[in-house]
Amino acid sequence: MRGFNVLLQKEFREAWRSWKFLWIPLVFALLGMSDPLTNYYMMDILNAVGNLPEGFEMLMPELMPVDLLQASIGQFQTIGLLVLMATFVGAISKERASGMATLLYVRPISFGAYFLSKFIVMSTVGFVSILAGFAASVYYTVVLYGTFEIGSLVASFFTYFSWLLFVLAVTLMMSATFKTIVATSCAFIVIFMGQMINAIVGTFWTVSPWKLPLYGVQLIRGTMEMSDFWWSLMMTIILTIVCISIGTFTMKKNASMTKI
Amino acid sequence: MMEELAKVPWAVIAPLIIVQFILMIVALVDLRKIHATNGPKILWVFIIIFVNLLGPIAYFIVGRKQT
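These protein sequences, in sequence, are chains A and B. For the first sequence, the working numbering gives the first residue as 11, with consecutive numbering after it. For the second sequence, the working numbering gives the first residue as 400, with consecutive numbering after it.
Just chain A, same shape as in the assembly (with noise of 0.2 Å):
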């Protein structure tokens, strides 16, 4: 772990110079503010754009709280993701091709060091991130529906931080293994397409990470078995471990595809 503070601290100014820790977060906002405010006003927007016929009636849904979480988790599980995956995707790919990685692979680092020191950044940023989305979330809900049991939201909360840190697990591997291009389409589809087959088919088993999102949801409506919950929490923590490992070897390995 040679020079892992000094890394550390190269990443989170890398990060910081480029708006990366106020950006990302507040688009994590805005995603968790857009549920609860289109469901609350959907009447009224309804009135203003829908050209709706004369005696038109409608029957909404009576929503609680946990509704609207989960809807903004929605939101985060597309976009957000999506917004974190292409920012992240080329943290050592790009460097790689645009010859900076040249100058820190001649210096004495370990790749273990350096492999981690960006995964903590990048995690720390995702903290951040949807903390900023949970909290708009839950400001909004809050303001306009009713209110949480603050333990179970700390609960759901963690239990989606651990499916993030996995997602960007997946992202930093794929973008040690391969170029930008092919990093950016492995990784995507490894996560989307997971989580498609995962809603297609995903009654026949109980136990996999990509339902880790869902589950933290089941843990505030209190509906959730919690043997599944552990397994897929055990499991995800492993695959992410396996990932960083992965991730370092290739790391090592793809060294002397940098352009000098």
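Each hint should be verified, as a subset may be incorrect.
Listed next, the in silico SDA-like pairs over lysine to any residue satisfying Cα-Cα at most 25 Å (straight line) [stated by the list, open to error]:
id : chain 1 : residue 1 : chain 2 : residue 2
1  : A       : K269      : A       : D54
2  : B       : K440      : A       : R27
3  : B       : K440      : A       : I251
4  : A       : K104      : A       : S120
5  : B       : K406      : A       : F22
6  : A       : K269      : A       : R117
7  : A       : K20       : A       : Y155
8  : B       : K432      : A       : Y155
9  : A       : K269      : A       : L126
10 : A       : K189      : A       : I251
11 : A       : K269      : A       : Y115
12 : A       : K104      : A       : I199
13 : A       : K104      : B       : E402
14 : B       : K440      : A       : G100
15 : B       : K406      : A       : D54
16 : B       : K464      : A       : T190
17 : B       : K406      : B       : F420
18 : A       : K189      : B       : N437
19 : A       : K269      : B       : R463
20 : A       : K269      : A       : S120
21 : A       : K269      : B       : N437
22 : B       : K432      : A       : F22
23 : A       : K104      : B       : F420
24 : A       : K262      : A       : V252
25 : A       : K262      : A       : M110
26 : A       : K263      : A       : T187
No lab work stands behind these hints, which were simulated from the structure alone.
Assemble the complex: chain A is given as a structure, and chain B must be docked to it using the hints.
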């Protein structure tokens, strides 16, 4: 005028306005400092100012040229 302003549900709208404002300022500051962008700079100024919420985000994702 003041009564109408008081009728606006500020608890609902204020966070949205603040977020939009911060995003716009940050994007404009960054645009001022950055060397080159994808596409002409003046175009990004208009996008950031006139496209609410999505404009600054679009700038950060595709506008910045990373070297």
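For each hint, the structure was consulted:
no. : hint             : verdict
1   : K269/A to D54/A  : violated, 57 Å
2   : K440/B to R27/A  : holds, 20 Å
3   : K440/B to I251/A : violated, 43 Å
4   : K104/A to S120/A : holds, 19 Å
5   : K406/B to F22/A  : violated, 44 Å
6   : K269/A to R117/A : holds, 16 Å
7   : K20/A to Y155/A  : violated, 43 Å
8   : K432/B to Y155/A : violated, 43 Å
9   : K269/A to L126/A : holds, 23 Å
10  : K189/A to I251/A : holds, 22 Å
11  : K269/A to Y115/A : holds, 11 Å
12  : K104/A to I199/A : holds, 20 Å
13  : K104/A to E402/B : violated, 55 Å
14  : K440/B to G100/A : holds, 24 Å
15  : K406/B to D54/A  : holds, 16 Å
16  : K464/B to T190/A : holds, 15 Å
17  : K406/B to F420/B : holds, 22 Å
18  : K189/A to N437/B : holds, 21 Å
19  : K269/A to R463/B : holds, 22 Å
20  : K269/A to S120/A : holds, 20 Å
21  : K269/A to N437/B : holds, 23 Å
22  : K432/B to F22/A  : holds, 19 Å
23  : K104/A to F420/B : violated, 31 Å
24  : K262/A to V252/A : holds, 16 Å
25  : K262/A to M110/A : holds, 15 Å
26  : K263/A to T187/A : holds, 9 Å
Taken one by one, the earlier hints fail for this structure at numbers 1, 3, 5, 7, 8, 13, 23, listed in ascending order.
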